[in-house]
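Take the sequences, apply the hints, and build the full model.
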Amino acid sequence: MTECFKFPAELTIYEVQETFNEVKSYITDKECVSFDFSETTEVDSAGLQLIIWVVYHSQKIGLKIDTISTNELIEKRCEKLGVGMSASQND
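Numbering of the sequence shown is given in the UniProt record's numbering, commencing with residue 1 and proceeding in unit increments.
Please keep in mind that the hints were generated in silico from the structure rather than gathered at the bench.
No more than 30 Å apart at the CA atoms, straight line, and that leaves these computed lysine-lysine pairs for DSS-like:
(1) K24 <-> K76
(2) K76 <-> K60
(3) K6 <-> K24
(4) K64 <-> K80
(5) K6 <-> K64
(6) K60 <-> K6
(7) K30 <-> K6
(8) K60 <-> K80
(9) K60 <-> K30
(10) K80 <-> K6
(11) K64 <-> K30
(12) K76 <-> K6
(13) K64 <-> K24
(14) K80 <-> K24
(15) K60 <-> K24
(16) K64 <-> K76
Label pairs and their calculated CB-CB ranges:
(17) T28 <-> E79: 27 to 33 Å
(18) E72 <-> T28: 27 to 33 Å
(19) F20 <-> L81: 17 to 23 Å
(20) D29 <-> N71: 25 to 31 Å
(21) N21 <-> Y56: 14 to 20 Å
(22) T41 <-> K64: 25 to 31 Å
(23) A9 <-> E31: 26 to 32 Å
(24) L81 <-> E39: 16 to 22 Å
(25) Y14 <-> D36: 18 to 24 Å
Note that the structure is a prediction, hence the values are computed from the model and not measured.
Glycine included, C-beta positions come from ideal geometry on N, C-alpha and C.
If you want it as structure tokens, here you go:
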């Protein structure tokens, strides 16, 4: 089972830099990753940019995304932007 990176409850401009550094460290030297956004209840445009970057960057560098756990807030915001959040995009 893949170790999962759990995103904070608040993913706004105030937390993005620290979370960005943590997620970069998490994906280093991994072949398979999992992301958990399910407890993120506050997100702004900076947070959405980070979410999009995390998913697409992982795919771009060839990491297999095992699972992506989301919640209704994240799904609705990504849907409005036309961004898919399915882990199966790597298959």
